[in-house]
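Based on the sequences and whatever the hints tell you, model everything.
Following my numbering, the numbering of the sequence shown begins with 725 at its first residue and continues without gaps.
Among the clues, some could well be false.
To be verified - EDC-like mimics (lysine to aspartate or glutamate), calculated; alpha carbons at most 16 Å apart, straight line:
id : residue 1 : residue 2
1  : K868      : D848
2  : K881      : E916
3  : K881      : E917
4  : K881      : D841
5  : K881      : E963
6  : K881      : E840
7  : K881      : E909
8  : K854      : D841
9  : K881      : E906
Stated by the list, open to error - Label-pair ranges, simulated between beta-carbon atoms:
id : residue 1 : residue 2 : range
10 : K854      : P901      : 43 to 51 Å
11 : Q809      : D924      : 38 to 46 Å
12 : R1055     : A918      : 41 to 49 Å
13 : R781      : N921      : 30 to 38 Å
14 : V972      : E856      : 27 to 35 Å
For the record, the hints were derived by calculation from the structure and aren't laboratory data.
Quick reminder that beta carbons are idealized off the backbone N, C-alpha and C, glycines included.
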Amino acid sequence: MSVNFKISFAGRDELADWLEYVDIADTSGFWGLGVGDSQSIYLDTYVRCTLAAVRTRNLLIGPWVTNPLTRHPAVTASAIVSVDQVSGGRAYLGIGTGDSAVLNADMKPSRMQYLEDYVRAVKDLMARGKAEWEGRQVALSYAKRSVPVYVASSGPKTARLAGRVGDGAICAGVISPEAVRETLEQVRAGAEEAGRNLEDVDIWWGLMANLAEDDATALNELKSSLVTRAHHVFRYTTEGMHLPRELVPAMQRIQREYQPLLHGALGTPTHARLADGPGVAEYLARSFSLCGSPETFVRRVREMEAMGVTQISLQVRGTDRRRFLRLWNERVRRQLA
725 MSVNFKISFA
735 GRDELADWLE
745 YVDIADTSGF
755 WGLGVGDSQS
765 IYLDTYVRCT
775 LAAVRTRNLL
785 IGPWVTNPLT
795 RHPAVTASAI
805 VSVDQVSGGR
815 AYLGIGTGDS
825 AVLNADMKPS
835 RMQYLEDYVR
845 AVKDLMARGK
855 AEWEGRQVAL
865 SYAKRSVPVY
875 VASSGPKTAR
885 LAGRVGDGAI
895 CAGVISPEAV
905 RETLEQVRAG
915 AEEAGRNLED
925 VDIWWGLMAN
935 LAEDDATALN
945 ELKSSLVTRA
955 HHVFRYTTEG
965 MHLPRELVPA
975 MQRIQREYQP
985 LLHGALGTPT
995 HARLADGPGV
1005 AEYLARSFSL
1015 CGSPETFVRR
1025 VREMEAMGVT
1035 QISLQVRGTD
1045 RRRFLRLWNE
1055 RVRRQLA
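Following this line, the structure appears as structure tokens:
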């Protein structure tokens, strides 16, 4: 494929169903599998990463994404190194400031400097077996290699941070030609601060995803998840975030009425109704998703490829994940080969 794809299955699936999706994904041409980390609403991420590691042969596996607040850096380093060894070297670590995991623990997302210090500590533990964290020396004695660390971003500050300290970046802000250019500029600036080039950073673009026989069904099923993404992207500001002025009140309403405990609950009416209003759902779908019929999905991939988006992380949020995988394998994958 000219565009690479990673997949994650966001939702509160029964474990047996989730493992079925993982089995299919392993033979469906995906680069990797992302496993959500939100202790209040999902089974533990490292338990699921381990289960996936022993069942698969092709997928890279890791949290997509964890946070620096609910686990000590030595605990995170130990967990991902363990997954790496179980999987035969197929692990990676995605990490961001925190969303539902920290909100449901009555905490605030991490500060930028705290996240940067945390990433450096985890990387030092894997590379050198020791690190300094909050004035204390911590150790890890059994890492066999440094697992790649991907830093999640939804705005310019975190994009720059990803370029500075990440082996890779997970860009989950607005997708548009202008926004992609600005994001790449920030990742480049961060990389240059660390004496690196943009090409040294493995860049992925995170998008909500759904496939159905028609565009309307796919979008309707995705509305509550699009609200989840909007809540995250616009939680601090709408300024400079490529949001049309007429939609600012709708995004402010999402911030007021969003319920973190419903994060990942598919088709939630409480959240879906927050996408109502002229142009709201359409803007969110265009900015944050690959969504629609197989034909629409392929066309949108080609549009993104023209923007310079060549690695896409699909967060499958539709209510029928088996349908998504079937349509992917039968009507999408071969068109993108």
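For each hint, the structure was consulted:
1. K868 <-> D848: holds, 13 Å
2. K881 <-> E916: Between K881 and E916 the Cα gap is close to 15 Å, so the pair holds against 16 Å.
3. K881 <-> E917: Given pair K881, E917 holds - Cα atoms ~13 Å apart, limit 16 Å.
4. K881 <-> D841: Given that 16 Å is the threshold and the Cα spacing comes to 15 Å, the pair holds.
5. K881 <-> E963: Holds, because 13 Å separates the two Cα atoms, which is no more than 16 Å.
6. K881 <-> E840: This hinted pair holds, its Cα atoms lying about 11 Å apart.
7. K881 <-> E909: holds, 11 Å
8. K854 <-> D841: holds, 14 Å
9. K881 <-> E906: holds, 11 Å
10. K854 <-> P901: 43 to 51 Å: holds, 45 Å
11. Q809 <-> D924: 38 to 46 Å: Given range 38 to 46 Å: violated, Cβ gap about 26 Å.
12. R1055 <-> A918: 41 to 49 Å: holds, 42 Å
13. R781 <-> N921: 30 to 38 Å: 33 Å Cβ-Cβ, so the 30 to 38 Å window holds.
14. V972 <-> E856: 27 to 35 Å: violated, 43 Å
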